[in-house]
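2 protein chains.
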Amino acid sequence: MTTYFKRLRAVVLEKGPLCVAVDPHPSLLKAWGLPVSASGAEKCARHLVNVLSEQVAAFKPQSAFFEMYGSAGIAALERVLADINQTDAISILDVKRGDIGSTMEAYAAAYLAKDAPLAADAITISPYLGFGSLLPAIEAAYQNDRGVYVLARTSNPEGADVQLALNQDGSVVQNIIDAATEMNRDSANRAIGLVVGGTHRSLGCDLSDFNGSILVPGIGFQGGKMEDLPAIFGDAVEHVLAVVGRGLLSVGPDAQALRTKVSKLIG
Amino acid sequence: MTTYFKRLRAVVLEKGPLCVAVDPHPSLLKAWGLPVSASGAEKCARHLVNVLSEQVAAFKPQSAFFEMYGSAGIAALERVLADINQTDAISILDVKRGDIGSTMEAYAAAYLAKDAPLAADAITISPYLGFGSLLPAIEAAYQNDRGVYVLARTSNPEGADVQLALNQDGSVVQNIIDAATEMNRDSANRAIGLVVGGTHRSLGCDLSDFNGSILVPGIGFQGGKMEDLPAIFGDAVEHVLAVVGRGLLSVGPDAQALRTKVSKLIG
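From first to last, the protein sequence lines stand for chains A and B. For the first sequence, the positions run 26 to 292 when this note's numbering is used. For the second sequence, the positions run 26 to 292 when this note's numbering is used.
There could be a bad hint or two in this list.
[Unchecked claim] Here are the simulated lysine-lysine pairs, DSSO-like style, with alpha carbons at most 27 Å apart:
1. B/K68 <-> B/K139
2. A/K139 <-> B/K68
3. A/K139 <-> B/K55
4. B/K139 <-> A/K55
Think of the hints as simulated: they come from the structure by calculation, not from any bench.
This is chain A alone, in the form it adopts within the complex:
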């Protein structure tokens, strides 16, 4: 296997930088005429993967919409991930885990180990306990040719309270960007990506040196637009993987309608 960054770059070159959020939330299940259950979430998610895997570079299943059904939901998520992993699309499991020491190692084992039941190509991780606390997941990514996306500047307005707070050498988000940039440079592996919302007129941080993948949620439903991405991200736009969720899923379960909408988004 080759590195996460290289695999992602190859598939994005072929298909364009679009990632579909696999978000089987209760209101979507109702709108699609599916039961609000592990089985309904599984049907919705596997349908999306089945219909769109040839068109899109990546899928981002949201763990919360499976965790709410307990072990039955997690068993469904295992099958969704297995489906994605059988295509050439990348799986990015959105779990936003963050902890310390042996606990962070256990999260890395859960999602980034090769034989884990919930193995994904990449996961999202959360740095409230400091960027340094995330090293066990980054190490696991290096060892297993997987990726991590560290939450940096999230798409919601409340995020600024934490992310734009200042240290002596810049804001929290800038410190995270700088640490990720440096590790990506040193490792030549570029396993570390960032999550940066596409909803901000001004990001309040500098991504111009960042050399990994940038996962950008908030396109569509939350107000971000694909065509605004170059203005927001500047040269870093070449690293952007844009996430569409409700803006796509709202077209309903019809395969042709979903494919047509994706074609329009990829442009």
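Place chain B on chain A using the hints.
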């Protein structure tokens, strides 16, 4: 059912402010002669609950040590939580979840809804996306007489990079403490607790007005000591629920040895 804060206070008055970390990490399973598997983690965890539930106020299972086995691990965690919920001890599921909008609602449904397979008395939540992003979990706690513990000042040194960064009206951690204090006052429910590590000589934040439960990990293995808590927490020590993990579990699986160690810790 009465509020989380009242239920916790009653059990702490009776048994003392001790919470056992249910951390079946791989090295512990090996030391106890158990397989590193969902079954081994379940045996370890249920043994701890069975042996100690009459002595201690609360158990804090760590989700990561179950997630690493996928759906089989989560099914084990369901049974561990069910065991705790059949005793008068409080269950605090350590999941450190944090997200926005409908995703945060799904996490709240997963762990704080009354009929959820993974329902706990309280969960830990992470505010990297801003304290305001956590409101769906706080609302669920109010509605269902559950509790939440917001990560504030964590026990690890790297946490300072985020938690002590400054906004105009104080540090990130102080902003979180102040927001939690205000909501606890307004609701008269005191469902919002905080996670504050017991490893710091100086906390770098002011807890003197805080009126909810304070969960304090880092006692024992990470260097914190029960007898130092009054000096660290001042008057707020009356709200402290001290978490012991490896410092207790290292005595091995023998029931009498575990009970003796707990008696010493409660003092």
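Hints, verified against the model:
| no. | hint | result |
| --- | --- | --- |
| 1 | B/K68 <-> B/K139 | holds, 25 Å |
| 2 | A/K139 <-> B/K68 | holds, 25 Å |
| 3 | A/K139 <-> B/K55 | holds, 21 Å |
| 4 | B/K139 <-> A/K55 | holds, 21 Å |
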